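**Q** Listed here are the chains, written in short residue letters.
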Amino acid sequence: MAKVLIVDDSAMSRRMLRRILEEAGHKVTEAEDGMVAIEKYFLDKPDVVLLDLIMKGMFGMEVLQKIRQIDERARVVVASADIQTSTRAMTEAEGALGFVTKPFVEKEIIAAVDLALKER
Amino acid sequence: MLLTEKQKDALGEIINIAFARTAASLSQLSGHRVLLDAPEVEVLAIDEVLAVLGNFIKEEVVSVHQIFSGPVSGDALLMLNYEGAVMLTDLLCEYRVPSQKLDASAREALTEVGNILLNSCLGVFGNLLHVQVSFSMPRLHLENLDKLLRSITIGTEELRYAVVVSTAFRIRESAVSGYLAIVLGVSSLDRLLRSIENWEQSHYA
Amino acid sequence: MLKNFDFNGPIIDWLNDYAPQGIVTTDTALIIRGWNRWLEQTTGRSADVVVDRPLFEVFPDLVERGLDRMYRNALDGQVTVLAHRFHRYLVRLPARPEYNLSEMQQSARIAPLVSEGKVVGTITAIDDVSERVVRESELVAAREEADKANAAKDRFLAVLSHDLRTPLTSILGWARIFRSQPDEEAIRKGAEVIERNVGVQLQLIEELLDVFRISAAKLELDLAPIDVRETLGSALETLEPMASAKGVRLDRGIPDEGRMAVLDSKRFQQIVWNLLSNSLKFTPEGGSVGVTLAYTDHCFHLTIADTGKGISPDNLPHLFEPLWQAEGSGGHGGLGLGLAIVRNLVELHGGSIRAESSGPGQGSRFVVEMPWLGPQSGHCRPALPSNSQVM
Numbered sequence: 658m659a660k661v662l663i664v665d666d667s668a669m670s671r672r673m674l675r676r677i678l679e680e681a682g683h684k685v686t687e688a689e690d691g692m693v694a695i696e697k698y699f700l701d702k703p704d705v706v707l708l709d710l711i712m713k714g715m716f717g718m719e720v721l722q723k724i725r726q727i728d729e730r731a732r733v734v735v736a737s738a739d740i741q742t743s744t745r746a747m748t749e750a751e752g753a754l755g756f757v758t759k760p761f762v763e764k765e766i767i768a769a770v771d772l773a774l775k776e777r
Numbered sequence: 469m470l471l472t473e474k475q476k477d478a479l480g481e482i483i484n485i486a487f488a489r490t491a492a493s494l495s496q497l498s499g500h501r502v503l504l505d506a507p508e509v510e511v512l513a514i515d516e517v518l519a520v521l522g523n524f525i526k527e528e529v530v531s532v533h534q535i536f537s538g539p540v541s542g543d544a545l546l547m548l549n550y551e552g553a554v555m556l557t558d559l560l561c562e563y564r565v566p567s568q569k570l571d572a573s574a575r576e577a578l579t580e581v582g583n584i585l586l587n588s589c590l591g592v593f594g595n596l597l598h599v600q601v602s603f604s605m606p607r608l609h610l611e612n613l614d615k616l617l618r619s620i621t622i623g624t625e626e627l628r629y630a631v632v633v634s635t636a637f638r639i640r641e642s643a644v645s646g647y648l649a650i651v652l653g654v655s656s657l658d659r660l661l662r663s664i665e666n667w668e669q670s671h672y673a
Numbered sequence: 100m101l102k103n104f105d106f107n108g109p110i111i112d113w114l115n116d117y118a119p120q121g122i123v124t125t126d127t128a129l130i131i132r133g134w135n136r137w138l139e140q141t142t143g144r145s146a147d148v149v150v151d152r153p154l155f156e157v158f159p160d161l162v163e164r165g166l167d168r169m170y171r172n173a174l175d176g177q178v179t180v181l182a183h184r185f186h187r188y189l190v191r192l193p194a195r196p197e198y199n200l201s202e203m204q205q206s207a208r209i210a211p212l213v214s215e216g217k218v219v220g221t222i223t224a225i226d227d228v229s230e231r232v233v234r235e236s237e238l239v240a241a242r243e244e245a246d247k248a249n250a251a252k253d254r255f256l257a258v259l260s261h262d263l264r265t266p267l268t269s270i271l272g273w274a275r276i277f278r279s280q281p282d283e284e285a286i287r288k289g290a291e292v293i294e295r296n297v298g299v300q301l302q303l304i305e306e307l308l309d310v311f312r313i314s315a316a317k318l319e320l321d322l323a324p325i326d327v328r329e330t331l332g333s334a335l336e337t338l339e340p341m342a343s344a345k346g347v348r349l350d351r352g353i354p355d356e357g358r359m360a361v362l363d364s365k366r367f368q369q370i371v372w373n374l375l376s377n378s379l380k381f382t383p384e385g386g387s388v389g390v391t392l393a394y395t396d397h398c399f400h401l402t403i404a405d406t407g408k409g410i411s412p413d414n415l416p417h418l419f420e421p422l423w424q425a426e427g428s429g430g431h432g433g434l435g436l437g438l439a440i441v442r443n444l445v446e447l448h449g450g451s452i453r454a455e456s457s458g459p460g461q462g463s464r465f466v467v468e469m470p471w472l473g474p475q476s477g478h479c480r481p482a483l484p485s486n487s488q489v490m
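Protein chains in written order, with the working numbering: chain A, 658 to 777; chain B, 469 to 673; chain C, 100 to 490.
These are calculated hints, taken from the structure and not from any lab test.
Model, not experiment: these values are computed from the prediction.
You may find that some hints are simply not true.
Said to hold, decoys possible - For lysine-lysine, the following DSSO-like pairs were computed, each having C-alpha atoms within a straight-line distance of at most 30 Å:
id: 1; chain 1: A; residue 1: K713; chain 2: B; residue 2: K474
id: 2; chain 1: B; residue 1: K569; chain 2: C; residue 2: K252
id: 3; chain 1: A; residue 1: K684; chain 2: A; residue 2: K660
Unchecked claim - Listing some non-contacts, in silico: residues in chain C with all C-beta distances to chain B over 12 Å:
id: 4; residue: V157
id: 5; residue: L200
id: 6; residue: S206
id: 7; residue: A342
id: 8; residue: N414
By construction, the Cβ of each residue, glycine as well, lies at the ideal position given by its N, Cα and C atoms.
Assemble the whole structure, with the sequences as input and the hints as a guide.
**A** Have a look at this one:
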């Protein structure tokens, strides 16, 4: 039971993730772009952030960096359709605690969020 | 015929997945990290396309074209302006001296790039939407946008629509903008949108 | 049955024999069913040896390179284009000997064979694009050369405009002073400076003209028999005051015997003068410049050695290139044309020149070999490249 902040510019993705996470018993807040996400991180102090890498406007990587700057203990799981290993490596280097691919697989998402919660 | 926000969103997500696979293939091919920007999706009537793309493509459009058929049928195109096409092939193929023209090798390389992109979309329609289409051989065209669009719609009676997706290829600190266009008739478009909605309802497994 | 798709049809036969590309077809199990004449000729394997064998058994490196995936995609109805730029070749075949290539460069297409809406096999078309590749890379090389030449020209023009203007600035300055009631001292000094600068400018212009004349092949030698020692002697005489002013000793090793050579007297003077003044320029106070003349059967050897700055191994190969200026030699002025002109003139006479140096600070040697009987004699041509580093 944790507070999860979903960051994705696709309303459809946010809906799907909300369904998945709420069914697993988590509390969900949403942000549809990077700026809003950073604001909400500050105000709501979620336990885990589920962040989409490819967004219009502020790139997901920037959001990851900024959130980790604000709070070096931030738990961020990155979601993306981008399957390149170099992308995954880059997000790990920036402190992401997990990586899930799109299209979403329910089990994968729950597992990634649980793993991130255990980290700290 | 406008898409609802929901439909636009879903279409964008599907294409995003196809783009991610395309980017991965291109990265492997070229040895450089390639990214494709998040797709901006519009559905336009075919005669609006000229107006929308007119600013981006001033004279000749370089396009890779594949015809697809099956439960949905139509034409799929990757479109770039000439300078963009030259730059993209230079970036992917690592030329020491920047080219001024598209020579035969560059045109061939571009055809493969378009083929990879269009095949990814095909694959995604097939895998996720369960809409199996088959594609013709890709063809590279170099001509006026106007002429290109007319040659695609010639001989069809149905009103044609185009799903127009704008994106950019990012390689080695440079970006090349381009458009993906999927031109289809009303009934194909309808079928496509319905299968996307089905996907949204039931896809997470 | 496969009604409209007859492997033995006359069109297929014609394509099989005459298509200017490799065509191999398989069934849905990826067993080879068709193998055309082009492939027989380029692989050396005839159709009966290859047909009915699995494609990946005949071409195992398709699997190694991950290209088998394209065939499975084809069985799913997908078409794959393999551009030369990305893949180089589909199957490894030897290149034609006239191309300097390690293997045949190819582009290919892999597609499904479809009959009545069903996939019944695959077809692969392979094009030999070796000639195109060679031609395109020649074009690129030519473009690079052109770019380099343009860059060199731009540099040259920049230096030229600077060097031509500099003496004029001086002259202009003094002209102004002359206009406003100068005293005797100023007049004398000014006249000296003006004379010197005019001299420098004239020399620059002469060098430029020489370069143009040589490059336009308009330079004609005015050949006549002359005594080499005479030219050497007068050049050394003219240089003496300059050398002693600088504190540099001029040594001579010139034979007593005189001999006639077929030379353009004026141009030979130019050669000697350029080399001597070059050595003098780079030799500091207390050093020496030595001039030696030696006779052989067919040629005479003129050696000008100095104890000056020397030449680094990096610069040695470029010494006689026009417009080449070694790093840090900018302060000595000039356009860097002198040595290039010298080499051209020497070679026009049918001779050769080389430079030697043990390295920076260790002095340098210039050795000129010229035939007695003029450019037609065919002797004294450079056997080694014009420059060599001799320890």
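**Q** Give me the numbers of the hints this structure contradicts, sorted from smallest to largest.
**A** 6
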